[in-house]
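Asker: Each chain, letter by letter, is given below.
There are 2 protein chains.
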Amino acid sequence: MALKQISSNKCFGGLQKVFEHDSVELNCKMKFAVYLPPKAETGKCPALYWLSGLTCTEQNFISKSGYHQSASEHGLVVIAPDTSPRGCNIKGEDESWDFGTGAGFYVDATEDPWKTNYRMYSYVTEELPQLINANFPVDPQRMSIFGHSMGGHGALICALKNPGKYKSVSAFAPICNPVLCPWGKKAFSGYLGTDQSKWKAYDATHLVKSYPGSQLDILIDQGKDDQFLLDGQLLPDNFIAACTEKKIPVVFRLQEGYDHSYYFIATFITDHIRHHAKYLNA
Amino acid sequence: MALKQISSNKCFGGLQKVFEHDSVELNCKMKFAVYLPPKAETGKCPALYWLSGLTCTEQNFISKSGYHQSASEHGLVVIAPDTSPRGCNIKGEDESWDFGTGAGFYVDATEDPWKTNYRMYSYVTEELPQLINANFPVDPQRMSIFGHSMGGHGALICALKNPGKYKSVSAFAPICNPVLCPWGKKAFSGYLGTDQSKWKAYDATHLVKSYPGSQLDILIDQGKDDQFLLDGQLLPDNFIAACTEKKIPVVFRLQEGYDHSYYFIATFITDHIRHHAKYLNA
Chain A
1 MALKQISSNK CFGGLQKVFE HDSVELNCKM KFAVYLPPKA ETGKCPALYW LSGLTCTEQN
61 FISKSGYHQS ASEHGLVVIA PDTSPRGCNI KGEDESWDFG TGAGFYVDAT EDPWKTNYRM
121 YSYVTEELPQ LINANFPVDP QRMSIFGHSM GGHGALICAL KNPGKYKSVS AFAPICNPVL
181 CPWGKKAFSG YLGTDQSKWK AYDATHLVKS YPGSQLDILI DQGKDDQFLL DGQLLPDNFI
241 AACTEKKIPV VFRLQEGYDH SYYFIATFIT DHIRHHAKYL NA
Chain B
1001 MALKQISSNK CFGGLQKVFE HDSVELNCKM KFAVYLPPKA ETGKCPALYW LSGLTCTEQN
1061 FISKSGYHQS ASEHGLVVIA PDTSPRGCNI KGEDESWDFG TGAGFYVDAT EDPWKTNYRM
1121 YSYVTEELPQ LINANFPVDP QRMSIFGHSM GGHGALICAL KNPGKYKSVS AFAPICNPVL
1181 CPWGKKAFSG YLGTDQSKWK AYDATHLVKS YPGSQLDILI DQGKDDQFLL DGQLLPDNFI
1241 AACTEKKIPV VFRLQEGYDH SYYFIATFIT DHIRHHAKYL NA
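Sequence lines, in order, name chains A and B.
So for the first sequence, our numbering puts the first residue at 1; every next one is plus one.
So for the second sequence, our numbering puts the first residue at 1001; every next one is plus one.
Quick caveat, the hints were computed from the structure, so don't treat them as lab data.
From the three backbone atoms N, C-alpha and C, an ideal C-beta is built for every residue, glycine too.
Among the clues, some could well be false.
Unchecked claim - Cross-link-like lysine-lysine pairs, in silico, DSSO-like; alpha carbons within 27 angstroms at most: (1) Lys10/A / Lys1224/B; (2) Lys224/A / Lys1010/B; (3) Lys224/A / Lys1004/B; (4) Lys4/A / Lys1224/B.
What the hints assert, rightly or not - These stretches of chain B come out as covered by chain A in the derived footprint (C-beta under 8 angstroms, 3 or more residues): (5) 1011-1017; (6) 1134-1145.
Please model the complete structure; the sequences and the hints are all you need to start from.
Answerer: In structure tokens form, the structure reads like this:
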């Protein structure tokens, strides 16, 4: 599992690095970013995974979210993968901004031609953690996950499909009920085919209804002026209703005047990192 | 002086906006970013001008520096212009990344074909402040300036050439002695011609030697692993020697392991905004 370092920049006393590797799950080269806080120089740290939204690479979060100060203070290694395989020469992979490249939706595709490469679910939950645990000073037992929009969807389903794997989960403007929203219908029909039962296995609102697991403290921030909320792409109300019914605690904060941008994320990122640090450093 | 709003995003309770206008000085359309902190809703705030470095637009600083939290807390309106005129159809304007587009060097060009458009000094010190004072809730008497690299050079010369105009000045990795460094020689010979006395009028190290002005508290952060420092583009030692001789107080902090990137700026931006707030809110 050879890693090639692409960049390394000092930031808030730690190091923001980007690496490239040949992904076995995705059958292509993948980049990921990893932040090593000062504490990582002298011991193992918890690992916090960030999943980005549509059209993003590993760069958007590390350059725009302003997360480094709190990650440095709380001593968290923060990992941010790319949002899909790239350069797979699949016909149509670059045709839309909400499907294919930059839009892997954190699922394992079952349909041709996507199934050979589009396995972001297994990449994020299996291959990447194994790579991180093997190459960086992280404690494999202390892992949490969060994300934005499509990445918020990814964080929620990874946590709900793996009870106990993550200490905590949070999301910014997550796609909460993809089986019912335009983005989700387009992605799931393309990657998973027409059998909607396969869709539900990657839908947070459905997963909550049958969540058998342990305590899961979910934090969600949502901008009230988020165009995609108004367009019915995110559907947080459905998710909250399902959590309420199942008595799963979720803190949902509707933020007046905020939108879907990284300005919204930057404003509340410290709260989210504090949320995770509470569990990761417990 | 019609302003066209390009974008507006809520961030740390304030609004990060970008506007476009027809610049009289530069004879072209120019964009600038302005952050209005929550305090700007109820009263006039001080104005802090940021000047960016080579290849930047108004976007780099507002999306990568993480300045919003401290600007919001200290109640400062922060303005970030672009780094040169654009789209002027001057032969060669886009040929190099360190001259022409994205590289206006904050001077008023005297040479053809640049002198018609390349008047960034007057734009930054006259036209933009007049525009800001006329259109935003700012106190014209309370203004400070800071910048990075070429923008650090810009901030230093604007302050040194206008004693009393700015309450404070600071810089990240500034080009301190452009008449002696490759970037400066290329830019000044192109914009100002071969008469080196004209160059010195835009060189911070020379300007300090004849600075008649009032108290000026200068803060400079410089990454010790900054490739451009090692390449002799920045020359801070010359500037510090000149300040020492003239007994002008300058705090110069050499930061171990840091480079020229926005990760370096993000790490110390709060210190700089606090530095300015001390004088602007005095």
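Asker: It remains to establish, for every hint, whether it holds in the given structure.
Answerer: Here's how the hints hold up against the structure:
About 11 angstroms separates the Cα atoms of Lys10/A and Lys1224/B, which keeps this hinted pair within 27 angstroms; it holds. This hinted pair checks out: Lys224/A and Lys1010/B have alpha carbons roughly 11 angstroms apart, not beyond 27 angstroms. Straight-line distance between C-alpha atoms of Lys224/A and Lys1004/B comes to about 25 angstroms, which keeps the hinted pair within the 27 angstroms bound. Distance check on the hinted pair: Lys4/A and Lys1224/B sit about 25 angstroms apart at the alpha-carbon level, within 27 angstroms; holds.
For the region 1011-1017 of chain B, the stated coverage by chain A is satisfied: 4 residues place a CB nearer than 8 angstroms to a CB of that chain, which reaches the threshold of 3. Counting residues of the region 1134-1145 of chain B whose beta carbon lies closer than 8 angstroms to any beta carbon of chain A gives 0, which falls below the threshold of three, so the coverage claim is violated.
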